[in-house]
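Model the placement of chains B, C and D on the given structure of chain A, informed by the hints.
4 protein chains.
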Amino acid sequence: MPATQSELAAFMSREFPQTKCTIVATGDFGATVRHEVGTGELRPGDTVSGPVLMTVADVALYVAILAEIGIRPLAVTTSLSINFMRKPPSAAAIVGVCKLMKLGRSLAVGEVNLYSEGLRDPVAHAVGTYAIPPG
Amino acid sequence: MPATQSELAAFMSREFPQTKCTIVATGDFGATVRHEVGTGELRPGDTVSGPVLMTVADVALYVAILAEIGIRPLAVTTSLSINFMRKPPSAAAIVGVCKLMKLGRSLAVGEVNLYSEGLRDPVAHAVGTYAIPPG
Amino acid sequence: MPATQSELAAFMSREFPQTKCTIVATGDFGATVRHEVGTGELRPGDTVSGPVLMTVADVALYVAILAEIGIRPLAVTTSLSINFMRKPPSAAAIVGVCKLMKLGRSLAVGEVNLYSEGLRDPVAHAVGTYAIPPG
Amino acid sequence: MPATQSELAAFMSREFPQTKCTIVATGDFGATVRHEVGTGELRPGDTVSGPVLMTVADVALYVAILAEIGIRPLAVTTSLSINFMRKPPSAAAIVGVCKLMKLGRSLAVGEVNLYSEGLRDPVAHAVGTYAIPPG
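Protein sequences, first through last, are from chains A, B, C and D.
Residues in the first sequence are numbered from 1 upward in steps of one, following the working numbering.
Residues in the second sequence are numbered from 1 upward in steps of one, following the working numbering.
Residues in the third sequence are numbered from 1 upward in steps of one, following the working numbering.
Residues in the fourth sequence are numbered from 1 upward in steps of one, following the working numbering.
If we strip away everything but chain A, and leave its shape as in the complex, we get:
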C-alpha cells in the first residue's frame, strides 16, 4: 500500500507538472523535498519569498503522507502554520524535511523543517494537518 519514491515522483510530475519541487527521499514517516531558487522565487532583500517556503512545506507533507498510505490524490491540507526564523540566502535551494507526528485513519499531522541548502539551522518551521479520504 505504501508508495515508492519513483511512484511518487511520477505522480507528482503528472498531477503537478508546474511544480519545481523534486523528491529527495521518502520513508520512515517522513520525506525530503527540494526546490530550486531562481529569479522568480526571490523578493526584495535578496532573499526567498515566503510563499516558496510554504509551498515546499506543503509538498513535503503531502509526499510524506502519500509515501505511507499510498497514492490518494484527494488528501488535502486542512491547516498549515509556519514560522520564519532566518533569512534564506537567494543563492541556495530550499530543502524541506518532513516528519509525520500522527498518521491516523482520517487525519495526519506533520512538521517540516525548511533549510537553505548547505546551512545548518532551519530558515523556517511549519506544522500542517491533512485530511485523508477514505481508502
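Honestly, the hints are just simulated from the structure, not real lab data.
Misleading hints may appear alongside valid ones.
Put simply, identical chains are the same to the list, so a pair is met inside one copy or across any two.
Simulated crosslink set (BS3-like; lysine-lysine; CA at most 30 Å straight-line) [claimed, not checked]: (1) LYS87 to LYS20; (2) LYS99 to LYS87; (3) LYS20 to LYS102.
This structure is a prediction, so every number in the text was calculated from the model and none was measured.
Frame of chain A; chains B, C and D shown alone:
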C-alpha cells in the same frame, strides 16, 4: 507616508514581476487582492492548490501593511497560519480580503479571508504577522 | 437541537466546576464569555498570563459550537492558534467574542477576539478548530 | 547569565505561586516541565482539558528561554499554536519537552512536545514565539 493603490501596483509589478496577484482595493487598514486561477493553480480534485491560497494571503497582508506605512520593501512575514475550510472550485479566481488587527512600530498582525470569486463563504482564513523594518 | 444560554451555563457549571468563565451571550454562530481576573491570573509585568487568554478562547469556541449543535460534551479542540497583540491590564476582566467561520458535520472552525473589558482594541486573537462527534 | 534549574524553580514559585508546573530539567536550549493532573484538569470524555496542555507548553517555552538568557520576567509570549493529536488519559501527568529552534536578540521560537507521562507518542505539539525584552 501611506502609499496609494497605483503606487503599490507599480511597486508590485517591479519587485514581483512573476506575481499573478492584482490589487483590487486598499485603505482603512486593509487590502483586497485577486489571483486568476489557471491550469497551473489546480490540484487533483478539480480544486485550487493550497499554496495558491497561502500566496494570496501573504500578498494581501503585505499590500495592506505597505498601504499604511508606505513602501518599505523589507517588511517580512514572520509567521502565517491558515485554515482551509471549503473546497474552492477550479473555475473561480481567488480573492483575499485582509484586515489589519494591529499595526505597531515593529510588528503588524492581520487576518485574511480568502474567497472563491462569486461565492459568499470564505474558502480559507489566514492570520499572519509581519516584522516592520525601522522607517 | 441548539442549546439555550441557560442550558449551556448549567452544563458548564456541572462539567467544568472549576472554570471561572461565565457565558455572556450565545447565538448567531457565536458566543461571548467573560473571565474575572484575580491574583492567580497575573504574571510579571502587571498583566494577565497567556494561558488565561488561551482558556477564554477555548471556552468561547466550545460554547459557540454547543450553542448551535446542542450539548455534545465530546466535541474536542483539535488545534488552536493565538496571537497576543496588546498587553492586557491587570485590573480588567477578559472577554472572548467567538464567531464561527465554518460549522460542518464533523469539523468546526471559529475565531475569537479577546478583549480587556472596557478597552476597544482586542488584546489577542485566536483561531481554533473542533472535531464534532457523530450526533 | 544563564539561570540554573534551582534559580528558575525559585523564580517560578515566587512569581507564579498558583502554577502546578514543576521543572524537571533545563539546558541545551530546552526544558522539560511536568503538570500533575487532578479533577480540576479534566473535561468530559475522561481526558485532560486543552487549556492544561496549552499552559504546559507555554511554561516549558518560558523556562527554556529563561534558562538560556537568565531571568528576565518580562519576556512574553507573542504567539502559540497547538495541535492536539491523541487523547491524554485522565490518570497521567502531562510532561512538556521544549526545544528552542531560534534564540535571537529580541525573538525566540521553540517547539514543545506534550506527553502523557509513561506513553511514547506525544498527545499534542505546540510551537510558540516569545518577545525578549532588552537585557
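So, going through the hints one by one against the coordinates:
1. LYS87 to LYS20: Both: 21 Å inside a chain and 24 Å across chains, each within 30 Å.
2. LYS99 to LYS87: So LYS99 and LYS87 pass the 30 Å test inside a copy (23 Å) and across (21 Å) alike.
3. LYS20 to LYS102: Both. Shortest intra-copy (27 Å) and inter-copy (28 Å) distances satisfy the 30 Å Cα cut-off.
Violated hints are absent here; each numbered hint is respected by the structure.
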